[in-house]
Amino acid sequence: MTEKLVIIGNGMAPGRMLEHLFEQAPGRYAVTIFNAEPRVNYDRIMLSPVLSGEKSYEEIVIHGDGWYIQHGITLYKGHKIVAIDRAAKTVTSDHGVTENYDKLVIATGSVPFIIPVPGKDLPGVLTYRDLDDVQAMLLAAQSREKAVVIGGGLLGLEAAAGLASRGMDVTVLHVMPTLMERQLDPAAGYLLQRAVEDRGIKVITKANTKQIIGDGKVEGVELADGTIIPATLVVMAVGIRPSAGLAKDAGLAVNRGIVVDSGMLTSDGDIYSVGECAEVDGMVYGLVAPLYEMARVAASHLAGDRSAAFVHSDTPTKLKVTGINLFSLGDFAEGDDREEIVLRDATAGVYKRVVLRQNRIIGTVLYGETADGAWFNDLKKKQTDISEMRDTLIFGQAYQGGAPLDPMAAVAALPDDAEICGCNGVCKGKITSTITAKALTSLDDVRAHTKASASCGSCTGLVEQLMSLTLGAAYNPATVTPMCTCTTLGHDDVRRLIKAKGLKTIPAVMQELEWKTSCGCAKCRPALNYYLVCDFPDEYADDYQSRYINERVHANIQKDGTYSVVPRMWGGVTNSNELRAIADVVDKFEIPMVKVTGGQRIDLLGIEKEDLPAVWADLGKAGFVSGQAYAKGLRTVKTCVGSDWCRFGTQDSTGLGIRIEKFMWGSWTPAKLKLAVSGCPRNCAEATCKDIGVICVDSGFEIHFAGAAGLDIKGTEVLGMVHTEDEALEYIVALAQMYREQGRYLERIYKWAKRIGLDEIRRQIMGDADKRRGYYERFVFSQKFAQVDPWSERVSGKDKHEFKPMATVGFAQAAE
Amino acid sequence: MTVNWISIGLLTDIPLRGARCVKTPDGKIAVFRTAENQIFAIDDHCPHKGGPLSQGIVHGAAVTCPLHNWVISLETGKALGADEGSVRTIPVRIDGEHLFIALEALASRAA
Chain A
1 MTEKLVIIGN GMAPGRMLEH LFEQAPGRYA VTIFNAEPRV NYDRIMLSPV
51 LSGEKSYEEI VIHGDGWYIQ HGITLYKGHK IVAIDRAAKT VTSDHGVTEN
101 YDKLVIATGS VPFIIPVPGK DLPGVLTYRD LDDVQAMLLA AQSREKAVVI
151 GGGLLGLEAA AGLASRGMDV TVLHVMPTLM ERQLDPAAGY LLQRAVEDRG
201 IKVITKANTK QIIGDGKVEG VELADGTIIP ATLVVMAVGI RPSAGLAKDA
251 GLAVNRGIVV DSGMLTSDGD IYSVGECAEV DGMVYGLVAP LYEMARVAAS
301 HLAGDRSAAF VHSDTPTKLK VTGINLFSLG DFAEGDDREE IVLRDATAGV
351 YKRVVLRQNR IIGTVLYGET ADGAWFNDLK KKQTDISEMR DTLIFGQAYQ
401 GGAPLDPMAA VAALPDDAEI CGCNGVCKGK ITSTITAKAL TSLDDVRAHT
451 KASASCGSCT GLVEQLMSLT LGAAYNPATV TPMCTCTTLG HDDVRRLIKA
501 KGLKTIPAVM QELEWKTSCG CAKCRPALNY YLVCDFPDEY ADDYQSRYIN
551 ERVHANIQKD GTYSVVPRMW GGVTNSNELR AIADVVDKFE IPMVKVTGGQ
601 RIDLLGIEKE DLPAVWADLG KAGFVSGQAY AKGLRTVKTC VGSDWCRFGT
651 QDSTGLGIRI EKFMWGSWTP AKLKLAVSGC PRNCAEATCK DIGVICVDSG
701 FEIHFAGAAG LDIKGTEVLG MVHTEDEALE YIVALAQMYR EQGRYLERIY
751 KWAKRIGLDE IRRQIMGDAD KRRGYYERFV FSQKFAQVDP WSERVSGKDK
801 HEFKPMATVG FAQAAE
Chain B
1 MTVNWISIGL LTDIPLRGAR CVKTPDGKIA VFRTAENQIF AIDDHCPHKG
51 GPLSQGIVHG AAVTCPLHNW VISLETGKAL GADEGSVRTI PVRIDGEHLF
101 IALEALASRA A
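Order-wise, the sequence lines are chains A and B.
Under this note's numbering, the final residue of the first sequence carries the number 816; numbering is consecutive throughout.
Under this note's numbering, the final residue of the second sequence carries the number 111; numbering is consecutive throughout.
Here chain B stands alone, though its shape is the one from the complex (with noise of 0.2 Å):
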């Protein structure tokens, strides 16, 4: 299946270890932006309790949930420490300023 990547906006939409969040029809996605400028995409949902990871504290490549304190890495979407379980990660590309993720469940629904 052919990705389709999808434009949410520019780098600098999102604030330095920060995030926004992208609305599609499967519920959040939280785009992350670290200290390093790395960008990541993971689903706005927190394994533990359902917490919105996006309004989180991001330190390193990781978010600490504003719920209970889980600690979700950017990269893995596992948790991080002594707690276990793991959220999806979305693929991003950057285009300059420019970013897209890829959203392949939505391409072949729109299909």
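Chain A extracted, bound-state conformation (with noise of 0.2 Å):
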């Protein structure tokens, strides 16, 4: 019969558990999860790449909402259970939900440490522990003012690093001498305070925090020595302590944890308890190897085998800082038995040291230079006598044995039980024999595969490497993504040989560069079909059956299969005719919902597509066309009203929004392309969010690029100033034809400016006036193609097909 087992919290641990268990016992149990917050369970060491901006919530999720259905698993969302009742055998949550148990997992993690200072409560004091953290941060480093960090370990110095990303002006508060002291030497905390300095991060050590200052919110930090730090913001990282409250209430054994067995059994024989809430042999855990070793204990034992048990090692710690390089592992304390081996390079910003007791290796720290992180690992696992490299053993594995320094060489002569991702223990042997067994040819194969790698992903470069050496020539770690899987090529490549090889269709392309699949797919297609349009705007044939839907009719679909109309209206200006004619067509075609966008112009939502050519055919009749709202083109220029209306207004931004907009329309781009004019630096078409905006000011025309405001929240970067209208058009449309040339298919124009660099980009719009000008003609050549109204060709009759069904079949039967 099914077991019942219930599972407290939905992190990291006992999610693995249930990986295990599903492979160890599938059908055995039927899961129920609660979980406080309201979502998925999520990779929580990558949530600092999520606050920098490098990810975006959906690439951290582990499981998502498809697994647990696949499995069966009930998931309560948002509940946090209150209470255990051991004797009935059942747990209920604050919303009223009892569930029974056979087996009781508790994994309620930890809870941030809150120093008890007056003011920890005003709002804006924020810990760092998950999402709903991170999601309040990036909301306050849009005011872009100054945060406070508290605690200069590993998760508070990757707090202010991303927040410095964002655009704060960041000071870290440590109270000890130096920063990461539990994982660092002093030398090397001094050179990670350097690097943090050189970010433009204020570090202040030794720094006792007296109170959190501020009426009603927070306004700064108060130091023990009466130095005030002004912040809006402070983020708390000064460490955790495990949730055991809930145990303890039970009446379950809690030390500093809850006290679990070898097999991750607490004092009651049927709860387990894994994750930072459990203590075992004394310990607690925080980073994830040895959480994930308690997930694998765990499900051994739910699964029946009860010999697993639970061993400790030391795991080594790693910055989730994008160009700082550190690595720290074990004991490097100094004492009497022990000796040490140092090497240090200031120019190049290396320390290297090594700790070693009896000729054996006891502790590591690198910094700057942490590629033999792996083989020391290695070395002090095994304890290896290293008498005989005494000499050499400094400079790193690629100097034992006269071996010239090479990478490659030092991943090849590890051996196969090397650990190579600390994450998840997988050593050497596991990743090559898998490549070679499942035939595994991309990283995020190895990943699926074998997990190296797909946690924190410190050690990419390792696997690559083994990649390298298993594949041979087949893997080149230098090659970029592939576009899809019916190719091996990236972006940047296809476009290059489209160009280079003069590939003018879709089938030219396929056949030159050796795609894998007979008709590409749906994400190649579309992708071509751009670089196509983009590169031959006179030869190439659009190829409509290569363009996703919205793009084919020219409408946008819904949730329900109906579509969405958007006219254009230029600079978002309207007037009583148009007004009339889109409440005629309202009222004809009984449309449900009509919508003001974002954009400035009106959405009629709900129609029929066989409707659509007849709506068009009426708005077109008032002198209405497509606002491409559906397009992976130039969508809108949003205005204000400027110097004919704005008693603060400094130039015509009405006036010249519509005539970028009557200039640019139709335009294809790599994504979609929205603009907007402001008057005057009040801003009120919010111009400093779009992927281009204008900032009218007295003197002329400051031009704004790459902002978002959509799944990531920018503010734009400053192209430059220019004095008049015609200036402004020409550098504007010569910027979108730049990012139409170079950019990726859907990637919009702030990323593409990120790869490409501000600077490159301002040399040539600004900078270069020949290259400007080139840009320029080549937008105004592409355009004598695209400017033609797709509404006005399909009112004509083109594309028939699409707006009927094909037969209609069967009701006249049924009616008889």
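Hints were generated in silico from the structure; no laboratory data involved.
Just so it is clear, the structure is predicted and the values come from calculations on it, not from any experiment.
Among the clues, some could well be false.
[To be verified] Where chain B lies over chain A, by a calculated footprint (3+ residues, C-beta under 8 Å):
(1) 510-519
(2) 795-806
[Unchecked claim] With a cut-off of at most 27 Å between alpha-carbon atoms, the simulated BS3-like pairs for lysine-lysine come out as follows:
(3) A:Lys798 / A:Lys588
(4) A:Lys800 / B:Lys28
(5) A:Lys804 / A:Lys621
(6) A:Lys523 / B:Lys78
(7) A:Lys559 / B:Lys28
(8) B:Lys49 / A:Lys804
(9) A:Lys672 / A:Lys588
(10) B:Lys23 / A:Lys798
(11) B:Lys28 / A:Lys588
(12) A:Lys438 / B:Lys78
(13) B:Lys23 / A:Lys800
(14) B:Lys49 / A:Lys206
(15) A:Lys771 / A:Lys499
(16) B:Lys28 / A:Lys672
(17) A:Lys588 / B:Lys23
(18) A:Lys523 / A:Lys754
(19) A:Lys754 / A:Lys55
Backbone N, C-alpha and C fix where the C-beta goes; we use that ideal spot for every residue, glycine too.
Got two chains here, each in a separate frame; can you build the complex from them with the hints?
The following block contains the structure:
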């Protein structure tokens, strides 16, 4: 009979435990999970990249909703368990749901430690623990004001780096004399502090927080010596403590954490505990590797194998701040029985220290150059006697036995049981044998099958080297991600080869570039179609079957299969005739929803596909053309009323906006392109979060670009200042064309700009008149073929088949 | 039960790598024509969230749903890749240029 397994908590440890359990004892348990957070299981280690903008939440989800459905798991999101009744074997949530269990797993994790100072509860004081904290920080970071991070450990520094990259002015307060003192010795701590300060982050060590000051919200932090640091955001990242209150209330043995034996069993024979809340052999853990080890052991016991036992092992620490490499492992305190070997290279910013006891490594700190981390870890784990290589030990593996300095040779020389991925405990042999056995060729495949490099990602380089070694020439680590599974080429290579080889049709591209599928897929075909439209506007015949439905039928598909229609309103300006025509269309076609859009126009929703041509015909009579609200192309140019009406307006922003829109409409771009023109720095048209924006000032026009206000929120960068409307138009058009020619399909302008470099873009558009003119002229040429209103074409009968059913059958018989 | 073949039109009514809809009292059926001139008919209803499969991009003998990019095999009606679900397939007969689909349920209802 199926047993009932209830899990309190939905973090990484119980998630991993379930993966093991479903593998070892499929179908044995009916699983119910209570998650105090309102979401699925995600990779908490990757919160820092989410904060810094290098990853999105979607990219760090470990188990999507489908996984829970697939395994028949009942997941209560946003339910916090408030009581365990061990006699009745039930748990009860704060929403009043009670579930009984045969086996219970407590995985409540940890709670951030809050330093008990006055002001700790003020709005604006955050911790750094879950996605809600990250979202709160991102919101606060929009102000670009001052932030204080209390805590100079791993978490605090990652938070500080993330906030700084979001534009905040950040100060780190650390109570100890050097940063990350638990993982780094003072010398490495000092190097780290310099690197952090180089990023514009202020660091104050030996800083004792006296109180957080503010009236109703945070205004600053006061130190014991009286120093006051102004701040609108304070992040406390001083440590975590196991969340064991629930277990304690239930009468389980609790020390620092929930006490478990080496099989993860608590003092109750039906209750297990895994994760940061569990205490085993007097130790509690915060790094993922031992937590995954707990998960493995608990799964085995739940599956009936009572022999599995938790084994303690030291886990290397790595800091996830892009550009700072550090590695720390084991014990490196000084002592009489210890010796150490140190290498410093101030110019290169390298510091290495190996601590030895009786010729065996017990601790390692690497800063600046961490490639040998896995090797040192292996020597330490195996307690290898290093006396033979003592003279060259510190130079790393490559120097042993006179081998040349080659990172590939270093990886090749690692034994099969050397650990590569610390988070998931994956060794070299597992990776290389899986690559061979399953014929894996991409990093993503290796991640999926071995879990190596799938958590914090800091071993990605090693995994790629192993792939090179195993696959030889078949794997090129420099290769960018392929466009899709139909090809091994990345977007940039495809764009380059299309031009170099003069490939002017999709079949020609697929033939010449050796596509692996006969006719591509829904990822590559729209991309190729765009690249060809962009590169050969006069010669290429648009392939409608390679366009997404919205671009094929020139309307936006909705969830119920109906469409929405958005006519163009130049610069957001309309009049009574246009509004009357819209009203008539709404009445005539019984359009259920009329909505004003964020781009200053009107959206008509819920139109049947068959009615589209007739709707367009009526709108067309009033002078409307397609607003291309469905296009990877020019969408809107939002404007404010400018100097014609506004008492603050400095230029005719409405007129410039309309002029730009009339010039650029119909153009296809790698991803949607939204513009705005504001008539003064008060910026009522919100131009500073657009793909391209203009802020008018008395002396001219400040051109902005690379903003975002969707999945990401990002203020624009300044391209430069021009003095006339004509110049503004030319520079904007040139910028758009540069993006058109270089962007990867679906890559918004801010991502392209980040990839190409802002300075390079400024150099070409602002600094190089010939380049600018070239871009401008190519855009103008392309517009000759692009500026045809797709709606009037279809009213005239183009693509008739799209809008009519092929046949209507069955109704007549049914009526008989 | 005898299969009732219903005429729905010509091969050339459907664009290559495209689809058209056939309306029936039981909902729409999507009829696909692949690059290789194969014809398939399946319910116009993605097993995921009911998206109209006839509006998707056709590649090989599969279609990608326009709503959330599930890929559905036209031959089996099953979701490909990591997704799970399936949609009803409907037998198709090609007689020269003419296309027919088999609708047993409708035939019995008419009788």
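So, going through the hints one by one against the coordinates:
Check result for the region 510-519 of chain A against chain B: holds, 3 residues qualifying (beta carbon to beta carbon below 8 Å, three or more required). A count of 3 residues in the region 795-806 of chain A with a Cβ less than 8 Å from any Cβ of chain B is obtained; the coverage claim is therefore met, three being the minimum. At most 27 Å may separate the alpha-carbon atoms for a hinted pair to count; A:Lys798 and A:Lys588 meet this at roughly 23 Å. Proximity of A:Lys800 to B:Lys28 is assessed by CA-CA distance (about 19 Å); at most 27 Å being required, the pair is judged to hold.
A C-alpha spacing of about 22 Å is found between A:Lys804 and A:Lys621, which places the hinted pair at or below 27 Å, so the restraint holds. Among the hinted pairs, A:Lys523 with B:Lys78 is consistent with the structure: their alpha-carbon atoms are about 20 Å apart, no more than 27 Å. The suggested pairing of A:Lys559 with B:Lys28 holds, with an alpha-carbon distance near 16 Å, which does not exceed 27 Å. For the given pair, B:Lys49 sits about 23 Å from A:Lys804 by alpha-carbon distance, which is consistent with the 27 Å threshold.
For the suggested pair A:Lys672 and A:Lys588, the alpha carbons sit about 31 Å apart, so the restraint of at most 27 Å is broken. With a C-alpha separation of about 22 Å, the suggested pairing of B:Lys23 with A:Lys798 holds against the 27 Å cut-off. For the proposed pair B:Lys28 and A:Lys588, the alpha carbon gap of about 25 Å is at most 27 Å, so the pair holds. Using a Cα cut-off of 27 Å, the hinted pair A:Lys438 and B:Lys78 holds, with the two alpha carbons roughly 24 Å apart.
Proximity of B:Lys23 to A:Lys800 is assessed by CA-CA distance (about 17 Å); at most 27 Å being required, the pair is judged to hold. Distance check on the hinted pair: B:Lys49 and A:Lys206 sit about 57 Å apart at the alpha-carbon level, beyond 27 Å; violated. Proposed proximity of A:Lys771 and A:Lys499 is supported: the alpha carbons are some 18 Å apart, at most 27 Å. In summary, the hint linking B:Lys28 to A:Lys672 is not supported, as the alpha carbons are separated by about 32 Å, beyond the 27 Å threshold.
Distance check on the hinted pair: A:Lys588 and B:Lys23 sit about 24 Å apart at the alpha-carbon level, within 27 Å; holds. Proximity of A:Lys523 to A:Lys754 is assessed by CA-CA distance (about 23 Å); at most 27 Å being required, the pair is judged to hold. Distance hint between A:Lys754 and A:Lys55 is fulfilled; the C-alpha atoms sit about 14 Å from each other, no more than 27 Å.
Comparing the model with each numbered hint stated earlier shows that hints 9, 14 and 16 do not hold.
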